[in-house]
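Colleague: Sequence:
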Amino acid sequence: MLNPNECGSLPGLSTYDAVITLFNNVKTRQRPRLKVSSLFLDIKAGFENVDNSTLARILREGGIPRYLVSWVSSFLGELSCTLVFQGAPGTPAPVNVRAPQGSPISPLLFLLYVSPLHFTVP
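Read in order, the letters of the sequence shown correspond to residues 1 to 122 in the working numbering.
Please note that the accuracy of each hint is not assured.
[Claimed, not checked] Derived Cβ-Cβ restraints for the label pairs, each shown as a range:
1. Gly62 - Pro92: 28 to 36 Å
2. Glu48 - Gly87: 26 to 34 Å
3. Glu78 - Thr21: 37 to 45 Å
4. Gly90 - Thr21: 25 to 33 Å
5. Arg66 - Ala45: 24 to 32 Å
[Stated by the list, open to error] No more than 25 Å apart at the CA atoms, straight line, and that leaves these computed lysine to aspartate or glutamate pairs for DMTMM-like:
6. Lys27 - Asp17
7. Lys35 - Glu48
8. Lys44 - Glu78
9. Lys27 - Glu61
No wet-lab data here; the hints were simulated from the structure.
Don't be surprised by glycine CBs; every beta carbon is placed ideally from N, CA and C.
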């Protein structure tokens with residue numbers, strides 16, 4: 001489900017690799033005097049804006065098994081945080097984030113969520 005051009009989050013595919021690939025693609029297309037454009041997006045607060053139902057649809061359409069889609073939906077469901085002061089836990093409070101920052105699965109879920117944005121215009 002990940003775009004084959006995805007770099008930065010996979011072993012052996014660094015930002016440097018992405019820059020070199022882009023540079024080579026631009027130079028290759030400029031040789032026959034074609035016009036070349038690139039679009040870069042910086043998605044502010046990306047993890048916090050992952051919509052649970054949209055991600056579930058993307059996963060289902062990508063052929064992910066139903067039990068994994070259910071697990072992801074549960075993971076992104078109602079989150080809460082409990083603070084502990086002097087050994088005594090407080091009352092759980094709701095947390096208004098979608099894919100928690102610092103969770104090992106959040107970067108992958110975000111990449112899957114934005115995967116429809118990866119396309120190449122011929």
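Colleague: All hints are to be evaluated individually against the structure, with a verdict given for each.
Modeller: Hints, verified against the model:
{"no.": "1", "hint": "Gly62 - Pro92: 28 to 36 Å", "result": "holds (33 Å)"}
{"no.": "2", "hint": "Glu48 - Gly87: 26 to 34 Å", "result": "holds (31 Å)"}
{"no.": "3", "hint": "Glu78 - Thr21: 37 to 45 Å", "result": "holds (41 Å)"}
{"no.": "4", "hint": "Gly90 - Thr21: 25 to 33 Å", "result": "violated (49 Å)"}
{"no.": "5", "hint": "Arg66 - Ala45: 24 to 32 Å", "result": "holds (29 Å)"}
{"no.": "6", "hint": "Lys27 - Asp17", "result": "holds (15 Å)"}
{"no.": "7", "hint": "Lys35 - Glu48", "result": "violated (36 Å)"}
{"no.": "8", "hint": "Lys44 - Glu78", "result": "holds (22 Å)"}
{"no.": "9", "hint": "Lys27 - Glu61", "result": "violated (35 Å)"}
In summary, the numbered hints that this structure violates are 4, 7 and 9.
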